[in-house]
Amino acid sequence: MIEIDNVHKSFGELEVIKGVSLSVNKGEVVSIIGGSGSGKSTLLMCINGLESIKSGSIRVDGTEVHARDTDINKLRQKIGIVFQQWNAFPHLTVLENVMLAPRTVLGKSKAEAEALAVKQLTHVGLADKLKVFPGKLSGGQQQRMAIARALAMSPDYMLFDEATSALDPQLVGEVLDTMRMLAEDGMTMILVTHEIRFARDVSDRVAFFRNGLVHEIGTPDQVIGNPQRAETADFLKSVS
Amino acid sequence: MFDYNFHWRAAFKALPDMLGGAWVTFETAALSMILGVLIALALTFMRQGNIRVLRGFAATWISIARNTPSLFQIYILYFGLGSFGLHVSSWAALLAGITINNAGYLAENFRGGLKAVPDTQLRAARSLGMSAPQAYRLIVIPQLLRIVFYPLTNQMVWAVLMTSLGVVVGLNNDLTGITQDYNSKTFRTFEFFAIAAVLYYLIAKLIVVVARLLSWRLFRY
Amino acid sequence: MMITSFTWNDLLFMLDGAKVTILLTLAAMLIGTLAGVVFGLLRALLPVLSLPLAWVLDVFRSVPLLIQFVLFNSLKSIMGLNWSAFTVACVVLGIYVSAYCSEIVRSGVLSVPPNLRRASRSLGLSYWKDLRHIVLPMAMRVAFPGWLNLVLSVMKDTSLVMWIGIVELLRASQTIVTRIQEPLLVLCIAGLIYYVMSLVVARLGARLETRWQEND
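Chains as they are written, first to last, in my numbering: chain A, 2 to 241; chain B, 510 to 730; chain C, 1086 to 1301.
No lab work stands behind these hints: they were computed from the structure. For glycine and all other residues, C-beta sits at the position ideal for the given N, C-alpha and C. Any given hint could turn out to be false.
What the hints assert, rightly or not - For the chain A half of the interface with chain C, some residues (derived, Cβ under 10 Å), not all of them:
{"id": "1", "residue": "Met46"}
{"id": "2", "residue": "Thr71"}
{"id": "3", "residue": "Asn74"}
{"id": "4", "residue": "Lys75"}
{"id": "5", "residue": "Phe84"}
{"id": "6", "residue": "Gln86"}
{"id": "7", "residue": "Trp87"}
{"id": "8", "residue": "Asn88"}
{"id": "9", "residue": "Ala89"}
{"id": "10", "residue": "Pro91"}
{"id": "11", "residue": "His92"}
{"id": "12", "residue": "Val106"}
{"id": "13", "residue": "Ala153"}
To be verified - Restricting the straight-line Cα-Cα distance to at most 20 Å, the calculated cross-link-like pairs of lysine to aspartate or glutamate (EDC-like) are:
{"id": "14", "chain 1": "A", "residue 1": "Lys79", "chain 2": "A", "residue 2": "Asp157"}
{"id": "15", "chain 1": "B", "residue 1": "Lys714", "chain 2": "C", "residue 2": "Glu1188"}
{"id": "16", "chain 1": "C", "residue 1": "Lys1214", "chain 2": "A", "residue 2": "Asp72"}
{"id": "17", "chain 1": "A", "residue 1": "Lys19", "chain 2": "A", "residue 2": "Glu52"}
{"id": "18", "chain 1": "A", "residue 1": "Lys137", "chain 2": "C", "residue 2": "Glu1294"}
{"id": "19", "chain 1": "A", "residue 1": "Lys132", "chain 2": "A", "residue 2": "Glu113"}
{"id": "20", "chain 1": "B", "residue 1": "Lys714", "chain 2": "C", "residue 2": "Asp1143"}
{"id": "21", "chain 1": "A", "residue 1": "Lys79", "chain 2": "A", "residue 2": "Glu4"}
{"id": "22", "chain 1": "C", "residue 1": "Lys1214", "chain 2": "A", "residue 2": "Glu97"}
{"id": "23", "chain 1": "A", "residue 1": "Lys27", "chain 2": "A", "residue 2": "Asp205"}
So that you can see chain A by itself, here it is in the shape it has in the complex (with noise of 0.2 Å):
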């Protein structure tokens, strides 16, 4: 499981994180939602080490992620992560995208990597692309290989910084049927996202933060169903 407990971060004098604590379990599917510059993609990027915090703990399977003696790569192979970005990697196609960690980390071998990304890119929809560019595919293929591509780590736990909000409209919906397909398989996640519908169909917990803290948690019927703190029925009004 994840552990997160009283952390704090600040970017310089701005405190972004004020002292949240969070537990998720294995199987689960937990959603963060919020306004901007809640804290809520910071958090993210706290918990597989992207970014450092100021006091606290986080604490993956046991491991404490910002401990001075933790080997962060080898956390990191745990830990998936698909971000608002994609950030595919241009010089390289589609497959060789989803070979490079496992051959490079793993130490897999060509044809064993090989088959391991056919198999992922097959799984998300992109079976007949393996040899196309990056550049060449759409925000949502583009999205969707960034997701293979963390899956080809085989991790424990996904992580989804706002994984929607750069594509067109029409191109949501194929992405969040991928993530849905997960949550289903028993991936466990933690997504932090704008769409409120989706959260509410597949998370068992959802999380409302608020200036850098969890104003309110529970499960998707209560948050977003029967809110109990008016920010939190503020907030979703704003957004429906």
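On the provided structure of chain A, position chains B and C as indicated by the hints.
For chains B and C alone, kept in the frame of chain A given last:
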């Protein structure tokens, strides 16, 4: 290891002369830049224009300037024109050579710069009723200037360094020319040229500093 | 009927000089690019620590190449080294190229979007693996046009080595001119040779660039 007596005294005594040479160097480079910019502007507009002959002329000029060595260009002006009975002084050949080169490279920079000024700017200016020359003068060129300022500065530094080639065709009153004079008289090559090197470095740095100050004042938006 | 005293041998002599030009360019680019990549990486990845390096390299970009040749040549004599003028030229040009190349490499590396590095680090790639598989290939593509310009530029700068006694293309032309007194003809032929060499390099470079472009 150093079985050599450095005679720095003699070199330092020559400093005033060398500074005089440095001034000639700077003047020559500055002149070549002014002329070069004017010619480059003309070349740029020739290339944008509709007259085929002018377009070809501009393209050829730029092509030759960029694909042949500067020393070669100076040579051909100095020796080549001589065979037509036109006797060019070393200084004139140097100036012409550097200017031609400058114009070629600057024209390329201007072309890139023009592409970077969105033509919506031109459209807006024309919609307000400005004529084409007005629009270019008041709107396009000022913006162009800001974009090409850095390459312009680089080109000026390059021009200063290039003036050293004058010595190959016999120029003897720029910094390198004077240094070479002293060198052939005293054979203290290292000392004199080392000081010349320091002077060139200082001139180059000075230009960059002044340019930075200028750009800060000119482009405050 | 003799229109010119320019003989076939003269042309061969000039082509020999052109060969020296090409050799010098190759040597300079080899030394300079290797050093330039190392320096450029240092400058991009450790900007503050490598500041002294930046200052030193800047000196080589702010002093005329001609003076660098003369200084180095006389320094070699002072130090009693038994190097040929050709070696001196290679060293000077190599350092000169590395100074410019380091800037080109540095801006290439800095142009790689940090988001891409985040993505590859998130996949578990170590700092060095990320550098090798993601940053360097991308930096290379960005840096290529600048590097190609450097090649063309060095090829032209080799003409300065005549001053330290090496017979490259321009010097060869000069020798012939002294003999047959037809400067315009000889120099035009030299110019043509320079032009052709330049075009060949530019054409090869463009071909490489389009091959990369259609992939990305």
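Report holds or violated for the interface hint on A:Val106, using the least CB-CB distance to chain C and a cut-off of 10 Å. holds, 4 Å
Keeping to a limit of 20 Å between CA atoms, is the pair of A:Lys79 and A:Asp157 held or broken? Holds. A:Lys79 to A:Asp157 sits at ~5 Å (cutoff 20 Å).
Let's test the interface hint: is any C-beta of chain C closer than 10 Å to that of A:Lys75? holds, 7 Å
Given the hinted pair A:Lys132 and A:Glu113, is their alpha-carbon gap at most 20 Å? holds, 17 Å
Next item in the hint list is A:Met46. Is there a CB on chain C closer than 10 Å to its CB? holds, 8 Å
For the restraint on A:His92, tell me whether the closest CB of chain C is nearer than 10 Å. holds, 5 Å
Decide if the proposed pair is consistent with the structure: A:Lys137 and C:Glu1294, CA atoms, cutoff 20 Å inclusive. Since the Cα atoms of A:Lys137 and C:Glu1294 sit roughly 18 Å apart, the hinted pair holds (cutoff 20 Å).
Interface hint compliance - A:Pro91 to chain C, C-beta minimum distance less than 10 Å: holds, 5 Å
Regarding the hint that A:Thr71 lies at the interface with chain C, is the smallest CB-CB distance below 10 Å? With a closest approach of 13 Å, the A:Thr71 hint is violated.
Once the shortest beta carbon distance from A:Trp87 to chain C is found, is it less than 10 Å? Nearest chain C Cβ about 8 Å off; hint holds.
Residue hint A:Asn74, partner chain C, criterion CB-CB below 10 Å: Because about 5 Å separates A:Asn74 from the closest Cβ in chain C, which is inside the 10 Å limit, the hint holds.
Report holds or violated for the interface hint on A:Ala153, using the least CB-CB distance to chain C and a cut-off of 10 Å. holds, 8 Å
In terms of the numbered hints stated before, the structure departs from hint 2 and from no other.
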